[in-house]
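S.K.: If you're matching them up, the sequences are chains X and G in order.
Per the working numbering, residue 1 is the first one in the first sequence, and the count goes up by one each step.
Per the working numbering, residue 1 is the first one in the second sequence, and the count goes up by one each step.
Since the hints were made in silico from the structure, they are not lab data.
Hints are not guaranteed to be accurate.
Said to hold, decoys possible - Covered stretches of chain G (chain X as the covering partner; in silico rule of three or more C-beta atoms under 8 Å from a C-beta of chain X):
| id | region |
| --- | --- |
| 1 | 137-145 |
| 2 | 173-187 |
Said to hold, decoys possible - Derived Cβ-Cβ restraints for the label pairs, each shown as a range:
| id | chain 1 | residue 1 | chain 2 | residue 2 | range |
| --- | --- | --- | --- | --- | --- |
| 3 | G | Arg273 | X | Ile267 | 16 to 22 Å |
| 4 | X | Phe79 | G | His110 | 54 to 60 Å |
| 5 | X | Leu129 | G | Ile136 | 51 to 57 Å |
| 6 | X | Lys162 | G | Phe317 | 32 to 38 Å |
As the list claims (entries may be wrong) - Taking lysine to any residue pairs in the SDA-like style, the calculated list, with each CA pair at most 20 Å apart, reads:
| id | chain 1 | residue 1 | chain 2 | residue 2 |
| --- | --- | --- | --- | --- |
| 7 | G | Lys232 | X | Gly303 |
| 8 | X | Lys242 | X | Ile253 |
| 9 | G | Lys232 | X | Phe306 |
| 10 | G | Lys46 | G | Gly58 |
| 11 | G | Lys232 | X | Thr300 |
| 12 | G | Lys81 | X | Ile305 |
| 13 | G | Lys322 | X | Asp113 |
| 14 | G | Lys232 | X | Ile110 |
| 15 | G | Lys40 | X | Leu124 |
| 16 | G | Lys322 | X | Met221 |
| 17 | G | Lys235 | G | Ile139 |
| 18 | G | Lys242 | X | Asp290 |
| 19 | G | Lys40 | X | Ile305 |
| 20 | G | Lys322 | X | Met109 |
| 21 | G | Lys40 | X | Ile110 |
For every residue, glycine included, the Cβ atom is placed at its ideal position computed from N, Cα and C.
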Amino acid sequence: MSIDINFLGILIGAIMASSVPLILAASGELITERSGVLNLGVEGMMIIGAISGFALMVITDNLFIAIIGSMLSGLLLSFIFGFLTQSLLTNHVASGLALTIFGIGLSAMIGRDFVGIPGKEFPLLFVNLKEAIPLLGPIFFGHSIIFYFAFLLPFGTNYFLKKTKIGLIVRAVGDSPMSAANQGINVLLVRYCCILYGGAMCGLGGAYLSLIYTPQWIENMTAGRGWIALALVVFATWSPLKVLFGAIIFGGITILQLHMQAMGIRIPVQFLSALPYIMTIVVLVIISRDSRKIKLNTPTSLGQIFYKEK
Amino acid sequence: MIKIERRDETSNLIYFLTPVLAIFLTLVTGAIIFYLLGFKPLEALKFFFITPISDLYGLSELLIKATPLCLIAIGLSFCFKSNNWNIGAEGQLTFGGIVGGGVALLFYNHEGFYVLPLIILAGAIGGMIFAMIPAILKIYFNTNEILVSLMLVYVSKLLLDYLVVGPWSNPEGFNFPETRQFSDSARLPILFEGLRIHAGIFIALVSVILAWVVLFKTYLGFQIKVSGLSLKTAKYAGFKGKTMILLVFMISGACAGLAGVGEITGPIGQLHRMISPEYGFTAIIVAFLGRLNPIGIVFASLIVALTYLGAETAQIFLQVPKYTGQVFQGMILFFLLASDFLLFFRIKFLGFKKYEY
Numbered sequence: 001m002s003i004d005i006n007f008l009g010i011l012i013g014a015i016m017a018s019s020v021p022l023i024l025a026a027s028g029e030l031i032t033e034r035s036g037v038l039n040l041g042v043e044g045m046m047i048i049g050a051i052s053g054f055a056l057m058v059i060t061d062n063l064f065i066a067i068i069g070s071m072l073s074g075l076l077l078s079f080i081f082g083f084l085t086q087s088l089l090t091n092h093v094a095s096g097l098a099l100t101i102f103g104i105g106l107s108a109m110i111g112r113d114f115v116g117i118p119g120k121e122f123p124l125l126f127v128n129l130k131e132a133i134p135l136l137g138p139i140f141f142g143h144s145i146i147f148y149f150a151f152l153l154p155f156g157t158n159y160f161l162k163k164t165k166i167g168l169i170v171r172a173v174g175d176s177p178m179s180a181a182n183q184g185i186n187v188l189l190v191r192y193c194c195i196l197y198g199g200a201m202c203g204l205g206g207a208y209l210s211l212i213y214t215p216q217w218i219e220n221m222t223a224g225r226g227w228i229a230l231a232l233v234v235f236a237t238w239s240p241l242k243v244l245f246g247a248i249i250f251g252g253i254t255i256l257q258l259h260m261q262a263m264g265i266r267i268p269v270q271f272l273s274a275l276p277y278i279m280t281i282v283v284l285v286i287i288s289r290d291s292r293k294i295k296l297n298t299p300t301s302l303g304q305i306f307y308k309e310k
Numbered sequence: 001m002i003k004i005e006r007r008d009e010t011s012n013l014i015y016f017l018t019p020v021l022a023i024f025l026t027l028v029t030g031a032i033i034f035y036l037l038g039f040k041p042l043e044a045l046k047f048f049f050i051t052p053i054s055d056l057y058g059l060s061e062l063l064i065k066a067t068p069l070c071l072i073a074i075g076l077s078f079c080f081k082s083n084n085w086n087i088g089a090e091g092q093l094t095f096g097g098i099v100g101g102g103v104a105l106l107f108y109n110h111e112g113f114y115v116l117p118l119i120i121l122a123g124a125i126g127g128m129i130f131a132m133i134p135a136i137l138k139i140y141f142n143t144n145e146i147l148v149s150l151m152l153v154y155v156s157k158l159l160l161d162y163l164v165v166g167p168w169s170n171p172e173g174f175n176f177p178e179t180r181q182f183s184d185s186a187r188l189p190i191l192f193e194g195l196r197i198h199a200g201i202f203i204a205l206v207s208v209i210l211a212w213v214v215l216f217k218t219y220l221g222f223q224i225k226v227s228g229l230s231l232k233t234a235k236y237a238g239f240k241g242k243t244m245i246l247l248v249f250m251i252s253g254a255c256a257g258l259a260g261v262g263e264i265t266g267p268i269g270q271l272h273r274m275i276s277p278e279y280g281f282t283a284i285i286v287a288f289l290g291r292l293n294p295i296g297i298v299f300a301s302l303i304v305a306l307t308y309l310g311a312e313t314a315q316i317f318l319q320v321p322k323y324t325g326q327v328f329q330g331m332i333l334f335f336l337l338a339s340d341f342l343l344f345f346r347i348k349f350l351g352f353k354k355y356e357y
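Just chain X, same shape as in the assembly (with noise of 0.2 Å):
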């Protein structure tokens, strides 16, 4: 039996193209989670990001507009979560859960008149090349920009948060905001930019969904993403190159359980599907049972309400 090679690169293609969305919304939220401040909306502000995106699209016809759009749907829907939890110090857990809950409905609802509307095509780059190059060219070429940003992402978001003192300052308020507070520091701003910033990014992750992943508005579409990528930022022990890691083995799953039943592999998919909830659970125990590795990354003042008397 010899393995097709093109269809090999295929195959690691869509794995890449499917851990698109984690990639975005993990890195997101990864940010936010290192500022100290635990955000369960990443559900909603994902689909929220969805449904604007393609409904912006419909209506304006412009792709730009359409990104820029549940991108700023994203951020509109953590400044409620930023409000709650920085300015009237709610708690994070209720606060985020809360956000996931209403963003479902509110999508629903915004979506009611965009079922059914086919998508529209969305420019992909380097297509040419993708024929050309044997395993490679499917793998690396033909998908759209938002593709290759997701991939850079996680460089960037590991650059900013080691390298520059914005970072650095973001680490500090996660670690200890009562002292970060004390050298002059403004948590409350940092707070809610890093909120903001997650909310954006998971907005992206959404209209990745509907605009380019599957050009079509579906209610409830994102199905689980947005706990999938709050799952891998702990799998990732808040190291942003391992969000990109874990996110093409959450991705590779959801692929790869669809060829596994196409060639008639009997192990049930449900199983494959399960896999990647308790490998979280696995990574969780082995991270946290040795409290100086969980230490080095983990946000020590994550979702505790911040509070300094004025």
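Position chain G against the provided structure of chain X, taking the given hints into account.
M.R.: Just chain G, lined up with the frame of chain X:
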């Protein structure tokens, strides 16, 4: 100028009035959203919140939906009161449903008085065991219970999916993803002829009373409350923190499991993919809206159940998607959390004069 101060003490009246304020603000915002989407706001709200409960059948449906919400929220209140963030009640409900449903399928051609109690017991134990996973991992490995309990939701849903498609699917069911119908003695009795309201409501009511007694009249309840207020104090007082974590998770898992079997032996009567319209997540809102108080939770479960029912009615009359109910559920929680700010802080309007101490 505005100055924000921490209140020294919070009044009990405001504590239970803010949920009412939150509901009012939700209705106003809901009307605005309906208006923006091109509906007549008052008419839409009427279809949403009045039409569904304007007859006996509607009231019975309301109670059917409030029952699982109330049960789960009661269990969750034990966790939340003691600062344990179990947000995987949906998974515990599903697993309870799987275990209870498994027992029901064993007896699919048996009749007998012992069948139903066995199923209910199995469901409660199933939910309890499933909730022990995040608790034990938290106790021994210091893992984050929010993430573990959440991941397990998906694991349990996929397990249910596997079972109803594969080994447990109805042999005479033409490959539909569902099991056999349970036997009559595996079903919770219907309370009134012609309505769907079933005996599951008594399970919920008993749990409310038990929860009230445990929380307010026992040493355990006292320990739970103290640990919720201050972990350090609890440690200093010598409370067994680890045992308590396990216990509150077991209580809330058992309640969610009971809600699961209540659904499959009540309105559904078999296992299929969708045994719960995310009751486990919505119950978190119910627990908060009810202020983690058993009596408050009863009222909160009725109100949140109405958002489910209202969405169904509005779907028929206004052609809005069924997810519309979630907009209201999310908003209730937003406003409730926001109004909590008034509980702990006071806003002082100082005028424009220079403030002097």
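S.K.: Indicate, hint by hint, whether the structure satisfies it.
M.R.: Consistency of the hints with the structure:
no. : hint                            : verdict
1   : 137-145                         : holds (count 5)
2   : 173-187                         : violated (count 0)
3   : G:Arg273 - X:Ile267: 16 to 22 Å : 20 Å, holds
4   : X:Phe79 - G:His110: 54 to 60 Å  : 57 Å, holds
5   : X:Leu129 - G:Ile136: 51 to 57 Å : 52 Å, holds
6   : X:Lys162 - G:Phe317: 32 to 38 Å : 56 Å, violated
7   : G:Lys232 - X:Gly303             : 19 Å, holds
8   : X:Lys242 - X:Ile253             : 17 Å, holds
9   : G:Lys232 - X:Phe306             : 19 Å, holds
10  : G:Lys46 - G:Gly58               : 14 Å, holds
11  : G:Lys232 - X:Thr300             : 18 Å, holds
12  : G:Lys81 - X:Ile305              : 17 Å, holds
13  : G:Lys322 - X:Asp113             : 14 Å, holds
14  : G:Lys232 - X:Ile110             : 47 Å, violated
15  : G:Lys40 - X:Leu124              : 43 Å, violated
16  : G:Lys322 - X:Met221             : 14 Å, holds
17  : G:Lys235 - G:Ile139             : 15 Å, holds
18  : G:Lys242 - X:Asp290             : 19 Å, holds
19  : G:Lys40 - X:Ile305              : 40 Å, violated
20  : G:Lys322 - X:Met109             : 9 Å, holds
21  : G:Lys40 - X:Ile110              : 16 Å, holds
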